[in-house]
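Chain A with the ligand: place on chain E using the hints.
Here the protein sequences come in this chain order: E and A. All residue numbers for the first sequence refer to the working numbering, where the first residue is 642 and numbers rise by one. All residue numbers for the second sequence refer to the working numbering, where the first residue is 56 and numbers rise by one.
It should be emphasised that the hints constitute simulated quantities derived from the structure, not laboratory data. There could be a bad hint or two in this list.
[Unchecked claim] The calculated lysine to aspartate or glutamate pairs, modelled on EDC-like cross-linking and capped at a C-alpha distance of 16 Å, are:
id	chain 1	residue 1	chain 2	residue 2
1	A	K398	E	E736
2	A	K401	E	D711
3	A	K118	E	E692
4	A	K394	E	D734
5	E	K752	E	D734
6	A	K88	A	E221
7	A	K118	A	D367
8	A	K142	E	D755
9	A	K384	E	E736
10	A	K384	E	E771
11	A	K118	A	E388
12	A	K384	E	D734
13	A	K394	E	D711
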Amino acid sequence: MSTPSRYWREIPQRYRKEANRCAPCDLIYFPPRLICPECGNRALEKTVLAEKGSLMTYTIIRVPPSQFKDQAPYAVGIVEMDDGVKLTGQVVDCEFDKMHTGMRLQMEFRKMYDVGHSGIICYGYKFVPEY
Amino acid sequence: MEGIVGYGAYIPRNRIKVEEIAKVWGADAPSYKKGLMLEEKSVPSPDQDTITMSVEASKNALKRANIDPVKIGAVYVGSESHPYAVKPSGTVLAEALGATPECHTADFEFACKAGTEGMFVALNLVKAGAVEFGLGVGADTSQGAPGDALEYSAAAGAAAFIFGRENLVARALETYAFMTDTPDFRRRENKYYPQHGGRFTGDPAYFKHVTGAARGILEKAGAEPQDLDYVIFHQPNGKFPLRVGKLLGFSKEQILPGWLVNKLGNTYSGSSPLGLTSTLDIAKAGDKILLISYGSGAGSDAFIFEVTDHIDKVRDLAPRTRDMLDNNKNYLEYGEYAKFRHKIRKAD
Ligand SMILES: [Zn+2]
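Chain E on its own, in the form it takes in the complex:
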């Protein structure tokens, strides 16, 4: 379970999809890295992830981790974003029998989970069918 301090540290990625990019290698890192593992470049530039992508593969979670129990069953997919980054995330607002690989998805800001009834509400991005 995410503590408030860990959740807080991840806000630039969770809320704004902040990543970084190695220009010589034309590679995007998410979460951001300090050094490009391909070429050793330390001058990585800040960027944000693309908002849309295509579903590569997915599964339906029926026995979830405890903080997601109210949401089960739910779909989790690997999505290739239009900038080439591959992300894992929940796919929502889509019936399971309408999901298919290659379908167009976009990110939407959602509640990820509540930490009990009195803890923090964790927000971040999930995937929904493209408008």
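Chain A with the ligand in isolation, oriented as in the chain E frame:
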């Protein structure tokens, strides 16, 4: 001159029809449909709240404004369904947009008027020169008690407006506020559902304040109803805005482009602001738009905007309000709806 530099809407995909609610409570659906002019309403997904919808609407506004979000110096969210009782909604919104840390943020509450309050303050801070850009958002995921008349209308949606001084899509020509202490509707601390005064919510509340604000701003602007191209009133049901429009001398043609309530329901703080985003979607340069909100308790904020030719360049940079209302709909049965809205008590 100050005005709107970007606007955006967000409407969730789920809907429930009046018939589906009436069936469960043994109520007469045709009388709701005819009496209140309601057909269906929007329902948020279980992972959506005022904050998530505010973020989506504001991102759409940002796309149209095409500005660096860090220049937004004020972020105001108006809602009667802020997710936290104490922690602000505006901090999450400002952080998600990238407007922090040099940013003034506050959450507004004034029943259904909270959205236009945020707009009013953001616009006037820009006017005063205190901030370069100000964001005002109206958003709600409102709840009516099961079986209550409000359950047929209480809906979810958000509208966001970024105010600035250059590259305006609409100039703010006039503002006006009309307010008295009128206890027509309230929700006490720790009560889950609001109480309303039945017939008392009509004449001394909605009609008095909406007409008061309309007449006040028209007089201030030296305008007559026919000088406006469009008018948007708060929409608690289908009938009230049409009746108050007629009373004030506005035609249906002036009202209908921003009249979304028959398919959307009452989105409370988002209601009249979504009427404005929908009207901006179709307005032409030179069109004048009158916006009048209403919040129980009770009061109305009024604005007159004049659309510029810049709107044609930015209109299609984000989804249009009517498209979100009419497309990609997912109809719920009452059981799913009750689960989505957390109306079912589960074991801890
Ligand atoms: Zn590299």
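How the hints compare with the structure:
1. The hinted pair formed by K398 (chain A) and E736 (chain E) fails the criterion: a straight-line CA distance of about 22 Å is larger than 16 Å.
2. A threshold of 16 Å between alpha carbons decides the hint, and for K401 (chain A) with D711 (chain E) the separation of about 10 Å falls inside it, so the pair holds.
3. The suggested pairing of K118 (chain A) with E692 (chain E) holds, with an alpha-carbon distance near 12 Å, which does not exceed 16 Å.
4. Distance check on the hinted pair: K394 (chain A) and D734 (chain E) sit about 15 Å apart at the alpha-carbon level, within 16 Å; holds.
5. About 13 Å separates the Cα atoms of K752 (chain E) and D734 (chain E), which keeps this hinted pair within 16 Å; it holds.
6. Straight-line distance between C-alpha atoms of K88 (chain A) and E221 (chain A) comes to about 44 Å, which puts the hinted pair past the 16 Å bound.
7. Distance hint between K118 (chain A) and D367 (chain A) is fulfilled; the C-alpha atoms sit about 14 Å from each other, no more than 16 Å.
8. As the CA atoms of K142 (chain A) and D755 (chain E) are separated by approximately 14 Å, the hinted pair is consistent with the 16 Å bound.
9. The suggested pairing of K384 (chain A) with E736 (chain E) holds, with an alpha-carbon distance near 12 Å, which does not exceed 16 Å.
10. Pair hint K384 (chain A) plus E771 (chain E) holds up; C-alpha atoms about 13 Å apart against a cutoff of 16 Å.
11. This hinted pair does not check out: K118 (chain A) and E388 (chain A) have alpha carbons roughly 35 Å apart, beyond 16 Å.
12. In summary, the hint linking K384 (chain A) to D734 (chain E) is supported, as the alpha carbons are separated by about 10 Å, within the 16 Å threshold.
13. Restraint check: the Cα-Cα separation between K394 (chain A) and D711 (chain E) comes to about 10 Å, which is no more than 16 Å; the hinted pair holds.
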